[in-house]
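Protein chains: 2
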Amino acid sequence: MHEQKMQVLQGTVSKLLRRGATNNLKKALGKIHPADIAHLFRYFDLKDQKKLLVLVPDMEQAADVFSELESDSQAKLAEQLEKDFLISLVEMMADDDSAELIRSLPEELAEDILAAIHDDHSDDVEQLLGYDEDTAGGIMSTDVFALGQDLTVKQAIEALQDSEDYEMVFYVYVVDEHNHLVGVLSLRQLLTVPPATSLADVMTSDVLRVRTDMDQEEVAELVAKYNILAIPVVDEHGKLMGLITVDDVIDVMRDEATEDILRMAGTSEEELLYGYKSFHVARLRLPWLLTTLVGGVVTGTLMWYFKATLEQVIMLISFIPVITGMGGNVGGQTSTIIVRGFATGRIDFSMIRQVFFKELRVGLIMGTTCGLVIAAVAMIWHQNIYLGLVVGLAMVMAISVAACMGVLVTAFFKKVGIDPAIASSPFVQTVNDITGILIYFSTATLFLHHLI
Amino acid sequence: MHEQKMQVLQGTVSKLLRRGATNNLKKALGKIHPADIAHLFRYFDLKDQKKLLVLVPDMEQAADVFSELESDSQAKLAEQLEKDFLISLVEMMADDDSAELIRSLPEELAEDILAAIHDDHSDDVEQLLGYDEDTAGGIMSTDVFALGQDLTVKQAIEALQDSEDYEMVFYVYVVDEHNHLVGVLSLRQLLTVPPATSLADVMTSDVLRVRTDMDQEEVAELVAKYNILAIPVVDEHGKLMGLITVDDVIDVMRDEATEDILRMAGTSEEELLYGYKSFHVARLRLPWLLTTLVGGVVTGTLMWYFKATLEQVIMLISFIPVITGMGGNVGGQTSTIIVRGFATGRIDFSMIRQVFFKELRVGLIMGTTCGLVIAAVAMIWHQNIYLGLVVGLAMVMAISVAACMGVLVTAFFKKVGIDPAIASSPFVQTVNDITGILIYFSTATLFLHHLI
Chain A
390 MHEQKMQVLQ GTVSKLLRRG ATNNLKKALG KIHPADIAHL FRYFDLKDQK KLLVLVPDME
450 QAADVFSELE SDSQAKLAEQ LEKDFLISLV EMMADDDSAE LIRSLPEELA EDILAAIHDD
510 HSDDVEQLLG YDEDTAGGIM STDVFALGQD LTVKQAIEAL QDSEDYEMVF YVYVVDEHNH
570 LVGVLSLRQL LTVPPATSLA DVMTSDVLRV RTDMDQEEVA ELVAKYNILA IPVVDEHGKL
630 MGLITVDDVI DVMRDEATED ILRMAGTSEE ELLYGYKSFH VARLRLPWLL TTLVGGVVTG
690 TLMWYFKATL EQVIMLISFI PVITGMGGNV GGQTSTIIVR GFATGRIDFS MIRQVFFKEL
750 RVGLIMGTTC GLVIAAVAMI WHQNIYLGLV VGLAMVMAIS VAACMGVLVT AFFKKVGIDP
810 AIASSPFVQT VNDITGILIY FSTATLFLHH LI
Chain B
390 MHEQKMQVLQ GTVSKLLRRG ATNNLKKALG KIHPADIAHL FRYFDLKDQK KLLVLVPDME
450 QAADVFSELE SDSQAKLAEQ LEKDFLISLV EMMADDDSAE LIRSLPEELA EDILAAIHDD
510 HSDDVEQLLG YDEDTAGGIM STDVFALGQD LTVKQAIEAL QDSEDYEMVF YVYVVDEHNH
570 LVGVLSLRQL LTVPPATSLA DVMTSDVLRV RTDMDQEEVA ELVAKYNILA IPVVDEHGKL
630 MGLITVDDVI DVMRDEATED ILRMAGTSEE ELLYGYKSFH VARLRLPWLL TTLVGGVVTG
690 TLMWYFKATL EQVIMLISFI PVITGMGGNV GGQTSTIIVR GFATGRIDFS MIRQVFFKEL
750 RVGLIMGTTC GLVIAAVAMI WHQNIYLGLV VGLAMVMAIS VAACMGVLVT AFFKKVGIDP
810 AIASSPFVQT VNDITGILIY FSTATLFLHH LI
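One line per chain: the protein sequences are A and B, in this order.
Position 232 of the first sequence, counting from 1, maps to 621 under the working numbering, and the rest follow consecutively.
Position 450 of the second sequence, counting from 1, maps to 839 under the working numbering, and the rest follow consecutively.
Hints are supplied without guarantee of correctness; some may be wrong.
The following label-pair restraints were derived from C-beta to C-beta distances [unchecked claim]: (1) A:Leu679 - B:Leu406: 51 to 59 Å; (2) B:Pro676 - A:Arg407: 39 to 47 Å; (3) A:His839 - B:Ile769: 33 to 41 Å.
Output of the computed footprint for chain B on chain A, the stretches with three or more beta carbons under 8 Å from beta carbons of chain B [claimed, not checked]: (4) 420 to 434; (5) 444 to 455; (6) 575 to 586; (7) 673 to 680; (8) 697 to 704.
Simulated from the structure, these hints should not be mistaken for lab results.
Backbone N, C-alpha and C fix where the C-beta goes; we use that ideal spot for every residue, glycine too.
Let the hints inform the model, and build the full structure from the sequences given.
So this is what it looks like as structure tokens:
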């Protein structure tokens, strides 16, 4: 439904652009939600994006459109815009959005813009640029609506009426004379108490807060866990520095999920989703592939090492793919489950023993089932009971080992501070290939005199 | 930081439980946030969970704790509780949380509870149970704060002061006499207009809304895209039926991400994350494994078919793992990128041609690089130029084909309405194994007289 609406919009805008119907375009754009215009930009090249952005009738709306663009499209477009126009856009943008933009621009352009924008705004932006991108400080906005604790409810309501500059005011934060965060009030609370009450008497003083240096993922966890709409950010002395709202948290959660998913494919860079320069994309993906290429050669060397066994019993080759494949799959399944368990907080280190033995049990059950199936296949196909025994045994071991490795490798990565999501990547599946081959050919060599 | 706090809490509660210090436990639990108590429950067995829940001093807090539990733990615990206590809990729970609980209970218990709870509440719950779980109707709450359009701002503020039953009132929805949604107002707007104004004169009449039957994922997309805190839900006649708040949306997004990630490992059932019955978990994971087992046997059959080639040129075996492995990796990378592109809305069908040719180019570049590397390895290792040629050529083809398949298979699944996330699962990687083997041995057979 929504997709259809977007397609109609795209059709209309393309047609007007082709016809050069500037006035009609202006009128049309004025009626479209900034988020929708930003969405439409995906279908147009940079030149058209520039034309469209300049035609957005209201400068504030244009700034909203620009803020809604994905970070890379935003940076590319920024470099194409007239500098004066870009500066007016940045002036209109929220300070956190400005900081995000400036982070992604070439240094020289970034400095020019910082020098040109209004002092109030550039001070805020420079302060934000001082925080690490992935921390609470890096994603917060400094536009936080805070009032002194000595004010009365009546004064607070008056202040609120003049608070046009703040977006999303749903809570009023209360600070002491040194700007330390001391309390919070909801707008609704303001409406339900006598106007002469002082804020200190009605506020909730136990305010959930985060430090500027907290990791953004942890912030997102807290907001999700406690179902809150915004969380205030304080410095190490408890001074109120900024605010993170739930829409920022949604962006963080989505980005983190994307990162996890891409990392599982061993690719990790979000750029892969929208980069259109093939050489660049290939260069990002190649390191991973070359790592697994080395792994593949190691596996091949092992097979070469066992070639005498293989030459004597050529029917062994028919089960190489299934043994290595199943080991890789089970290991991948297990580590995916563990990775997601860590990410959602379902699993922590205190449970890792329990999880290990559970996965071992599950691995044994699955290994026995698959082992029986493949043993039957082997016996029927090659009419050799011992081949069935070898293949079946190897399958049970390969799957159980893979399940245990899935837990151990993932937990190890987590422990040493490497993102465990890479544990379910091709890299580690290669490790499972190697153990699979070792198990299979060792078992076969052991039973070799029965097989010949 | 937060994790440490939770560990301290867990320690305290365990100690008090072991000592049977009921009064101290009551006092301690009374001070802990319901979401934190629910979190603690993960570390205790059902018996202790039951003890703790009963000890939560305030019934409303107990209902909050119970609502915050993961769906499966909730259902298990519900079956252990005294029926009267369970009924009092459900009475206190929000109608959407009650409906979610009742959906996961055994039929008989569900009916008993529905019959026992207060009529007002059970009517709401039964209405919610009528919607599909994954739709807007299935996740909305019926507690929506709505006022008639003829009311004045002063009357609205008075109504708001009596609105304790509604959680998270940040917008006031305005309806006509037939309960059709006609407008919306923020609390802040109420504060900034003269008290005698009628709501119809100040409300925004262009309200973003969703239909009860819209898919929950689409709802989440809209809320994320437009940065809103809540979205009203209407029936096919535009009547206001309920409200979805951003905290529900966060849950949806997290569940969908988990589902996507698990599906990529070919496992799909969220139960895998916390199920502790090994046989049950094994049964959930086995269908996938058995599918790929069949694939592995097919690949093995192909190798068997080419055994004459292999017996003549045994050195070919050293490159089987690397050729099939690289094809699988590239195909997996590509389909992961496409799946995530679809999920985040970066890719749609209108771009699929463009994406296909880009992936083909990227595949050719990566294939050529890996092909050159592996050809050099083959030549140096086995001192055979033709082997290098065969392995290198096969690598270029296997990788390029895998990249194209990654796009086509994923797009195909999406087109026919199967979740494309399974395209990057082991199942499809097996398909890449098969094409890899076919390409490799066909090339080798073609050059066979040079290799011997």
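The hints, checked one at a time:
A hinted range of 51 to 59 Å holds for the C-beta pair A:Leu679 and B:Leu406, which are about 54 Å apart. A beta carbon spacing of about 52 Å between B:Pro676 and A:Arg407 contradicts the range 39 to 47 Å that was offered as a hint. Against the hinted window of 33 to 41 Å, the Cβ-Cβ separation of A:His839 and B:Ile769 comes to about 37 Å, which satisfies the hint. For the region 420 to 434 of chain A, the stated coverage by chain B is satisfied: 5 residues place a CB nearer than 8 Å to a CB of that chain, which reaches the threshold of 3.
With 0 residues having a beta carbon nearer than 8 Å to a beta carbon of chain B, the region 444 to 455 of chain A misses the requirement of three or more and the stated coverage is violated. Coverage of the region 575 to 586 of chain A by chain B holds [criterion: at least 3 residues with CB-CB distance below 8 Å; count 4]. Note: the region 673 to 680 of chain A has 5 residues with beta-carbon separation from chain B under 8 Å; the three-residue rule is met and the coverage holds. Coverage of the region 697 to 704 of chain A by chain B holds. Counting CB-CB distances below 8 Å, 4 residues qualify, and the rule asks for three or more.
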